[in-house]
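In my numbering, the protein residues as written are 7 to 246.
Wrong hints could be hidden among the right ones.
What the hints assert, rightly or not - Restricting the straight-line Cα-Cα distance to at most 20 Å, the calculated cross-link-like pairs of lysine-lysine (PhoX-like) are:
{"no.": "1", "residue 1": "K33", "residue 2": "K167"}
{"no.": "2", "residue 1": "K167", "residue 2": "K124"}
{"no.": "3", "residue 1": "K151", "residue 2": "K33"}
Claimed, not checked - Distance windows between CB atoms, simulated:
{"no.": "4", "residue 1": "S35", "residue 2": "K204", "range": "37 to 47 Å"}
{"no.": "5", "residue 1": "F62", "residue 2": "K232", "range": "22 to 32 Å"}
{"no.": "6", "residue 1": "P186", "residue 2": "M65", "range": "30 to 40 Å"}
{"no.": "7", "residue 1": "D27", "residue 2": "K204", "range": "50 to 60 Å"}
{"no.": "8", "residue 1": "R172", "residue 2": "S90", "range": "31 to 41 Å"}
{"no.": "9", "residue 1": "P186", "residue 2": "G25", "range": "23 to 33 Å"}
{"no.": "10", "residue 1": "G25", "residue 2": "P219", "range": "43 to 53 Å"}
{"no.": "11", "residue 1": "F62", "residue 2": "S96", "range": "20 to 30 Å"}
No lab work stands behind these hints: they were computed from the structure. Beta carbons: idealized from backbone N, C-alpha and C, even for Gly.
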Amino acid sequence: MLVLVRNFVPAHEQIISGGWDVAAVAKDSYDLEGKVIGTIGGGRIGQRVLKRCKPFDPMAMLYYDYQAMPADVEKEIGCRRVESLEEMLSLCDVVTINCPLHASTKGLFNKELISHMKDGAWLVNTARGAICVTEDIVEALESGKIRGYGGDVWFPQPAPKDHPWRTMRNKYGGGNAMTPHISGTSIDAQGRYAEGTKNILEVFFSGKQNYRPQDIICINGQYGTKAYGDDKEHKEHQQK
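Given these sequences and hints, build the entire structure.
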């Protein structure tokens, strides 16, 4: 998010190439302060993203989800729920995608939905690449509908060498903050994964079945929460 909004990549490329043109970078560089930030998905990840944005003093923090956060969590973060995705997009300067990929979210960000975004907004996707339609993102960035797109998720993965997200740019020559899928693969994150796996195995072998909520995906053959998808939609998708 910061890499996009502050226009970091073109600035870094200048230094690598031996250049020094502050004005060229500054003309497309902004602050998070005073901006409206919205997350699609208000679960654990969405909440943590908004908490990390709070010190930057945004004008407002919004979220769209099928269910509301607990009132005390909303108050702590300082955010509010918007029940219409299109309405939230029309209000946000920065949109961050933090929802799972399932039948209802695959291809969610297509040309039609993007049309509801503010002109010149930034879009960050660290959820799943297939939530966004590849060619529609490219068109939106190159046309100026969105000012920047960044994230570490692709469809397909690994991304082919000619994937258009590798080279797309906005009219200022920036707006691309794509990386390989690295967000959850830091050394520290791997330690947390190992600890989580250990916890799941210990609970399983103890027979207590007292799993942490975040470790439960299915219960008796059904999705544990709607966050993972709709069972009816999943069955229909399999039949196709």
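Hint by hint, here is what the structure shows:
no.: 1; hint: K33 / K167; verdict: violated, 30 Å
no.: 2; hint: K167 / K124; verdict: violated, 31 Å
no.: 3; hint: K151 / K33; verdict: holds, 17 Å
no.: 4; hint: S35 / K204: 37 to 47 Å; verdict: holds, 44 Å
no.: 5; hint: F62 / K232: 22 to 32 Å; verdict: holds, 31 Å
no.: 6; hint: P186 / M65: 30 to 40 Å; verdict: holds, 33 Å
no.: 7; hint: D27 / K204: 50 to 60 Å; verdict: holds, 51 Å
no.: 8; hint: R172 / S90: 31 to 41 Å; verdict: holds, 33 Å
no.: 9; hint: P186 / G25: 23 to 33 Å; verdict: holds, 26 Å
no.: 10; hint: G25 / P219: 43 to 53 Å; verdict: holds, 50 Å
no.: 11; hint: F62 / S96: 20 to 30 Å; verdict: holds, 22 Å
In terms of the numbered hints stated before, the structure departs from hints 1 and 2, listed from lowest to highest.
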